[in-house]
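J.: Using the working numbering, the first residue of the sequence shown is number 16, and each one after it goes up by one.
Because the hints were derived from the structure by calculation, they are not lab data. From a predicted model like this one, the values you see are computed outputs, not experimental measurements. Careful: at least some of the hints might be erroneous.
Derived Cβ-Cβ restraints for the label pairs, each shown as a range [to be verified]: (1) A617 to V429: 18 to 28 angstroms; (2) L184 to N381: 49 to 59 angstroms; (3) K430 to D591: 55 to 65 angstroms; (4) N449 to R524: 39 to 49 angstroms; (5) V304 to Y259: 45 to 55 angstroms; (6) V304 to K482: 15 to 25 angstroms; (7) V222 to S301: 14 to 24 angstroms; (8) T615 to I565: 23 to 33 angstroms; (9) R524 to D425: 53 to 63 angstroms; (10) G594 to G669: 35 to 45 angstroms; (11) Y259 to R524: 21 to 31 angstroms.
As a list, the in silico SDA-like pairs of lysine to any residue whose alpha-carbon atoms are at most 20 angstroms apart [as the list claims (entries may be wrong)]: (12) K619 to D591; (13) K243 to T231; (14) K422 to D470.
Just so you know, even glycine gets a beta-carbon here, dropped at the ideal spot from N, CA and C.
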Amino acid sequence: MAENPNQKQIDKLKKQFAKNADEKKGGDPKKPKSPLFGFYWVYIAIFALFIGMQIFSAMSFSAKSSNYQEFETALELGDVDRVKIINEKKVQVFIKEDALKDSERYEEVRSSNLSEEVNPGPHYIFEMPSQAFEDRIKDYYEMHPGEKQIAVNYETQDNFLGDIISWVLPLVLMIAVWMFLMRRMSGGAPGGGGSQIFNIGKSRAKVFDKDTEVKTTFNEVAGMTGAKEEVLEIVDFLKNPKKYTELGGRIPKGVMLSGPPGTGKTLLAKAVAGEAKVPFFSLSGSDFVEMFVGVGASRVRDLFKQAKEKSPCIIFIDEIDAIGRARGKNNFTGGNDERENTLNQLLTEMDGFGTNEHVIVMAATNRADILDRALMRAGRFDRIIYVDLPELNEREDIFKVHLKGIKTDDTVDVKLLSKQTPGFSGADIANVCNEAALIAARKGNKQVGKQDFLDAVDRIVGGLEKKTKIITPEEKKVIAYHEAGHAAVSWLLEHAAPLVKVTIVPRGRSLGAAWYLPDERQITTTEQMLDEMAATMGGRAAEHVVFDKISTGALSDLEKVTKQARAMVTIYGLNDELGNITYYDSQGQSEYMQKPYSETTAEKIDKEISKIIEGQYQRAIELLRSNRDKLDQLAQLLLDKEVIFKENVKEIFGPRRWDKEEENPGAAAPDTEASASDEPEQDGPVEE
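My request is simple: use the sequences and hints to build the entire structure.
T.: Encoded structure:
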């Protein structure tokens, strides 16, 4: 018999309907069910029981609150049967049964609240010290000598329920608050409030496995060519471990990613996990730090225990310097330092697992120089990969990655943008792209253009323009000559960074700024440093030449040249007087904070620094005096336009004979990057 072609589809739909019905009845089978019983229900039950008992006792007790005057009135009428004094202060009055039935006076207390039967009493109640009550009733009988005295009984009652509640309720509240705090500190992991007390020592790492696969690959990691080559071997080992272990090889146990912030260390670690297709444990160094002693070490043990169970895998610890600082230095917390205990446990675990367990530890830090030596030795972190700031070609690749989600027009030149952003990290480039999109949206454009990106670079490097800042004409003239001095000296010196743009529009904390496009060089000569220092002092030199006085506008210039001169003398050994010597500790291992030279040498260093700075200052003054007419033209043009570019300076001073042919003629005209120190020259007094 031929099978109905639609029968398979019908059976498939039936199974789907049955599955949906089961999920409606029992819920999602993969989703963990919340426990039916929890400690919070205990608190609710105790509280409800306490309230119910109070309500029941109030309903069953029918005595009316009264006072001694009403009691004495009933006593005069002869209606009082007896009196009971509880705990020497609470007076209970019992009315005779005949008076209750016959008199309308006791209508309110005749029957109990729960039934229509005659209330056996007590009928009235009031509080009064027993001694005072005895004195008052004694005086009453002295005034009524022939009246029959009523019986007064004394009784002591213990309120067991109230005493128990008064002890238990505060204890329950304390336990509830404590468990709530434990739950908050343990991160609110599932399992109920009480279970969190026992989970505080568990690892807080996020696990990415086959169910939550890491999607990041090396295609999304632009630049970092050398770093990617280093980690590719680790990816290959995790995919094919036998290829190395059969030959007796041993893969590095640990890989340390070091470099400036924003260079993509965390992104590179995620890409390794995504390429290797293995479980990935991700956490921060601060996740081990806790207020309780021993918690950090316990979390380290639990982390490696989980990793061994899921090997081959990768453990990634971001910002490891939170627990990996060098031990024994600046330890003011006593002998039992929780951070050091955590580090000791980490060192033990990294030595504890064998080479056949296929657990690789990756870590990232911005401060590799402060890490403990035992952590960086071979056998723990065998490889240290320095992730440096991207070069020109790498910045171009990073721009291409971040421009994928941005609507750009035909004017955007990726090569130009990479040239205009020397010293930018991957995070800075991402910020430029985002800021350019925001600027274009603010203008109402449908696409992001070239000028939007250049404005974004200016915004990030120099700060927001402040065109509303009030500046007097005299101050504006001083600022114009100051910036013109920078531009003129840098144009007239061979090794100074090429000028791109000068502005006297206040931006950020500066009153004016000069943008340069420095050469991306790996080493710097003495002549290059001296020319850069002379260009930096050009602003103050112009003030001296034109106005014969100086202002506070050169604060950032003085700070910059002082650092450069001190580096020449004490770090790079570029001073003839002191010779080929350096006082710089590049490893940061100096155990003492004192200067590594004598007071006589310190005086010599100060003299040489001053000599270098003053020499370049006089050099800038001489250059500007010999070109005073051109300086005046440039300053006047800057006052008129507020922003001038390289072409304007070229028209006044003529072409630089040592300039190379421009690969991109349009690269210098728009707004661009900052000075050779990767920061804008911020001229003008610093606003406090």
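J.: Would you mind marking each hint as holding or not holding in the structure?
T.: A quick look at each hint next to the structure:
For the pair A617 and V429, the beta carbons lie near 50 angstroms from each other, so the given range of 18 to 28 angstroms is not met. At about 52 angstroms, the beta-carbon gap between L184 and N381 stays in the expected band of 49 to 59 angstroms. At about 42 angstroms, the CB distance of K430 to D591 disagrees with the hint of 55 to 65 angstroms. Remark: the range hint 39 to 49 angstroms for N449 to R524 is contradicted by a beta-carbon distance near 23 angstroms.
Range check, V304 to Y259: Cβ separation about 36 angstroms, and the 45 to 55 angstroms hint is violated. Checked against the hint of 15 to 25 angstroms, the pair V304 and K482 fails, with Cβ atoms roughly 47 angstroms apart. Take V222 and S301: their Cβ atoms lie about 18 angstroms apart, and the range 14 to 24 angstroms holds. Separated by about 32 angstroms at the C-beta atoms, T615 and I565 satisfy the suggested range of 23 to 33 angstroms.
Under the hint 53 to 63 angstroms, the C-beta atoms of R524 and D425, about 36 angstroms apart, miss the expected range. Evaluation of the 35 to 45 angstroms hint for G594 and G669 yields a pass: the beta carbon distance comes to about 41 angstroms. In this structure the supplied range 21 to 31 angstroms is violated for Y259 paired with R524, their Cβ-Cβ distance being about 55 angstroms. Using a Cα cut-off of 20 angstroms, the hinted pair K619 and D591 holds, with the two alpha carbons roughly 12 angstroms apart.
A C-alpha spacing of about 14 angstroms is found between K243 and T231, which places the hinted pair at or below 20 angstroms, so the restraint holds. At most 20 angstroms may separate the alpha-carbon atoms for a hinted pair to count; K422 and D470 meet this at roughly 17 angstroms.
The earlier numbered hints that this structure contradicts are 1, 3, 4, 5, 6, 9 and 11.
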